[in-house]
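*Asks:* What follows is each chain in one-letter form.
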Amino acid sequence: SAVISQKPSRDICQRGTSLTIQCQVDSQVTMMFWYRQQPGQSLTLIATANQGSEATYESGFVIDKFPISRPNLTFSTLTVSNMSPEDSSIYLCSVKTGLSGNEQFFGPGTRLTVL
Amino acid sequence: GQQVMQIPQYQHVQEGEDFTTYCNSSTTLSNIQWYKQRPGGHPVFLIQLVKSGEVKKQKRLTFQFGEAKKNSSLHITATQTTDVGTYFCAGRSNYQLIWGAGTKLIIKP
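First to last, the protein sequences are chains A and B.
Just so you know, the first sequence maps onto residues 1 to 115 in my numbering.
Just so you know, the second sequence maps onto residues 1 to 109 in my numbering.
These aren't lab readings, by the way, just hints derived from the structure by calculation.
The structure presented is a predicted model; accordingly, all values stated were derived computationally and were not measured.
Watch out, some of these pointers could steer you wrong.
Stated by the list, open to error - If you want a taste of the chain A side facing chain B, the calculated C-beta under 8 angstroms gives, among others:
id : residue
1  : M31
2  : S100
3  : E103
4  : Q104
Unchecked claim - Taking lysine-lysine pairs in the BS3-like style, the calculated list, with each CA pair at most 30 angstroms apart, reads:
id : chain 1 : residue 1 : chain 2 : residue 2
5  : B       : K70       : B       : K51
6  : B       : K59       : A       : K96
7  : A       : K96       : B       : K70
8  : B       : K104      : B       : K36
Claimed, not checked - Okay, the calculated beta carbon distance ranges per label pair:
id : chain 1 : residue 1 : chain 2 : residue 2 : range
9  : A       : S5        : B       : Y10       : 38 to 44 angstroms
10 : B       : T28       : A       : E54       : 26 to 32 angstroms
11 : B       : G1        : A       : M31       : 19 to 25 angstroms
12 : A       : D11       : B       : D18       : 37 to 43 angstroms
13 : A       : S84       : B       : S52       : 41 to 47 angstroms
14 : A       : V3        : B       : G16       : 43 to 49 angstroms
15 : A       : S53       : B       : H12       : 43 to 49 angstroms
Beta carbons: idealized from backbone N, C-alpha and C, even for Gly.
Just need the whole structure built from these sequences, with the hints factored in.
*Replies:* Have a look at this one:
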């Protein structure tokens, strides 16, 4: 298993500003994932953060809006840029590990509210 | 695009009744995973099914993977208040993990 922490746990931000979310894992992992979850909804993958290369973004998400850093194998950041109320959501960091290497472990999430 | 449909969206049960959620994929999956998310919490991995027709049990939870590896189910026997939450399936296809919409288990007071 993996222990994942995220900072901040929650924030309330003004429209037009940016917020950087940090994700720290207690072990080295090759791939880290950033998800978004609207209240009561399923998870939507934003991007996969790879160490040493640019993140891979899913359809509908772009680097200018959600820049990602992955400076080492235990840490990643996701920035939500030029925020609007539509960006209000829970942002979750996740890693793939476990016995099969396929189990996804999630951080506690960052609850973002944009006014 | 590839989809995993999960039903029902909600299920209200009396404590002690059974609960079942179903997932159906538009494509053949290499594996399917199940997660539980408690209210206010994050998804927690429950199990992974890989083989065609596989059945796995965890205490009162029974997980099945269809013969064609396109559908799966989670059945909880005799629900307890600790079972409350949303159960998600996530199917892996072409290295992508495709999430179902989740089924929310609600225990009637």
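*Asks:* Which hint numbers doesn't this structure obey?
*Replies:* 1, 9, 14
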